[in-house]
Each structure stands twice: as structure tokens, then as C-alpha cells.
Amino acid sequence: MLWSSLLSEQQLTPASVRVFSSPGSWIESDARDQCDRVARLDGMRHVAGMPDLHPGKGAPIGAAMLSETLYPFLVGSDIGCGIAVFPVKIKRPNAERLAARFPDLDRALDADDEEWPDEIPAGFTDSLGTVGRGNHFVELARVDDVMQAAVVSKGDFVLIVHSGSRGLGESILRAHTEVHGAGPAADPAAYLKAHDEAVRWGSLNRRLMARRVGNALGVQVGGAIVDECHNFVEIRDGLYLHRKGAANGDGRTVLIAGTRGTPSYLVAGHAGAAANFSVAHGAGRKMSRADALRRGKAKHTVAELRRTGVGSLVVCGDRQLLFEEAPTAYKRIESVIADLVAHELATPLAVTVPVVTYKTKERG
1 MLWSSLLSEQ QLTPASVRVF SSPGSWIESD ARDQCDRVAR LDGMRHVAGM
51 PDLHPGKGAP IGAAMLSETL YPFLVGSDIG CGIAVFPVKI KRPNAERLAA
101 RFPDLDRALD ADDEEWPDEI PAGFTDSLGT VGRGNHFVEL ARVDDVMQAA
151 VVSKGDFVLI VHSGSRGLGE SILRAHTEVH GAGPAADPAA YLKAHDEAVR
201 WGSLNRRLMA RRVGNALGVQ VGGAIVDECH NFVEIRDGLY LHRKGAANGD
251 GRTVLIAGTR GTPSYLVAGH AGAAANFSVA HGAGRKMSRA DALRRGKAKH
301 TVAELRRTGV GSLVVCGDRQ LLFEEAPTAY KRIESVIADL VAHELATPLA
351 VTVPVVTYKT KERG
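For the sequence shown, the positions run 1 to 364 when the UniProt record's numbering is used.
Incorrect hints may appear among the rest.
Restraint-style ranges between C-beta atoms, simulated for each label pair [said to hold, decoys possible]:
no.: 1; residue 1: Gly43; residue 2: Gly167; range: 27 to 33 Å
no.: 2; residue 1: Lys91; residue 2: Pro117; range: 25 to 31 Å
no.: 3; residue 1: Arg289; residue 2: Ala100; range: 16 to 22 Å
no.: 4; residue 1: Asp30; residue 2: Ala342; range: 20 to 26 Å
no.: 5; residue 1: Lys91; residue 2: Ala186; range: 52 to 58 Å
no.: 6; residue 1: Thr13; residue 2: Glu96; range: 58 to 64 Å
no.: 7; residue 1: Pro23; residue 2: Gly167; range: 50 to 56 Å
no.: 8; residue 1: Glu114; residue 2: Leu12; range: 54 to 60 Å
no.: 9; residue 1: Asp42; residue 2: Ala290; range: 45 to 51 Å
no.: 10; residue 1: Glu68; residue 2: Val302; range: 45 to 51 Å
no.: 11; residue 1: Glu119; residue 2: Glu304; range: 30 to 36 Å
Please keep in mind that the hints were generated in silico from the structure rather than gathered at the bench.
Computed from a predicted structure; not experimentally measured.
Heads up, the beta-carbon is just placed ideally off N, CA and C, and yes, glycines get one too.
Generate coordinates for the entire structure from the input sequences, incorporating the hints supplied.
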């Protein structure tokens, strides 16, 4: 997004900005600068940066932004992107066998598939049942530890699905930016109607993928015990609360994703107004994709990246994506969780460890 299109939308007194990280946590200066620029937008009240804060395309990722004005570009193109967690009934899983049986989640469903739904939000059938690229994934994981009463028990298995609205959200943002650039929504009600459809589509898509994986692996997958999106806007006290890479932390149970080679955390969110009622959504990148690709090729082989340090397997037929999404490209999830705890935004409930992580189908 071009900030030049917002020159007329700046206010004289910037909104307040607070980043919830410890002095020792790595937060790029570019991400802080983006928070400061967002704070100068007309109508902006408060910008809260999460401990996984990192730069995005024009706006920070890992931030919650409260404003009198609705800015679609602060939500971005993947409206409704989120993480759902499903319980799985499975005994003594063999990672190699399960990895080989994962379905092709790059292939969209069609009406002949048994997973085809009765109703599809916005009637958008393109990419239905697919995970997408980038940092999206579907992961079979084991509950490794439980700290407090939670919806899972130690030794349980869960399916974690991280994906969004695919091309639907992108088309909604494009329709806005082609006319208004990075400016505010000319018709907030119309944008919100389309936005809400994309949020519902993303949630449906996560359920469909869980069903596809369960059917392919021959295991029982239960209903979602967590399903929270982290790219969306809500109306709160008459204001627009934009979240980009930040989950609702107001009394919600949220899964904060690590990497394919590190744990993830189920947490109880209890964030207040200072954090815009939000918590982190993951470990947060510390390297650009270009840097991760360059450094990763110098340090790792493809074979090394397909079996992680925790013994899990990665299904990924795209070699470039393997390097771009290497665990070393991300911050330490333990540091992100520690910052959330230190600032009293969340309480850890349980830890999951990957068994098989699906990124994109193996080819050949």
C-alpha cells in the first residue's frame, strides 16, 4: 500500500502507541515505525503492538488498531485468517505413514467430494478446502504439557489448521483499493457485510480441511475447540478495532502458533483496553522471506528441513517455501509467550508439539 494516498488522512495529534514486549525482545524498528505511521491516520485512537510484531506491506503485522474510521488495508487481503484446533482420536501415530497419507490440500474441493458443504458464504467456491501458501499450515500435534485446566489433556492429539479466506478476502480488498487506495472505507456497512462473509468462509474452510485430513488418515476428528481469526475488524464501543495478525484476547482461548519445529501454546486471553483486547497470533517473523531463503540455503539441506529438531515431519513439495518458513526465520515462541505473561495479557494452558506439518503437497 502507498502511504502517499493517505497524506490527507493524517491527524495532527497521533494516537497512542504501546508495544507489549520486554526490553530484550526483538522488535524491528520498521515495525515500530509502521505503528507510528498508523497512529497518525485520521481518526486513530490507539495502536497496540503484540510481542510478535513485525513489518507488513504498509501496515504492521501483530497489531490491534482502534479507530473512529474504518481502514480496510489495516485488515489486509486475508480477511478471516485464523487458527482452529480440533481434537483427534488416534493411537500411537507413525509420522512417516501419516505424512504419506495427508490429502492434497492444494486441490480445491468440487461438488462430488464428500466434504462439500451445503452452504458456502458469498457463494465463493474457488480454493474451497485448500490451505494456501506462506505461513499457512495444517498440523497434527501432540499435547505435550498442560499447565492449567484446559480443553485438552496431556497426551491428546489435535489437528491445528491455520488458513484464511483465500481469494475471497483478496477480492474484497482489491475492490476497495482500486478506487480508494489505502484510504478509509467509503461505505463501512458494505465493506463490513463483505468482510463478515469472508470471516465465515475462512472458518468453514478450516473445518473442511480438518474433515479432509480426518477422512484421508482414517481418524476421528471432533468439532473445533478453538477457532479464532486474527485478521479482521470488529465494532467495539462504536469504534473500529482492526486486527492484523492479532487474536481476540478478551476472555478467549487462543492457540498461538510456534513454528513447524517448535511448540505452540494454548492460552487463556485476558487482555484489556491498553492492548486493544488482543493477544499475539504466533511467533512472528524475524527474517524476511528473502533473508530466510538466502541464510537457510547456506546452513541447511532440504532433508534437514523436512525433519525438525522435535522429530516431526514436514510435508512440503516447494523447496523455496521450506527455506522461507524455516523455524529459524521466526522469533522464539517462548519469548512471545513470556512477554504476554509479563504484561498480563494471557495465561498459558497447554503446549502442543508437532508430529506432521503440512505446507504443500509433495510432487512426483
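**Prompt:** Which numbered hints turn out to be false for this structure?
**Reply:** 3, 7, 9 and 11
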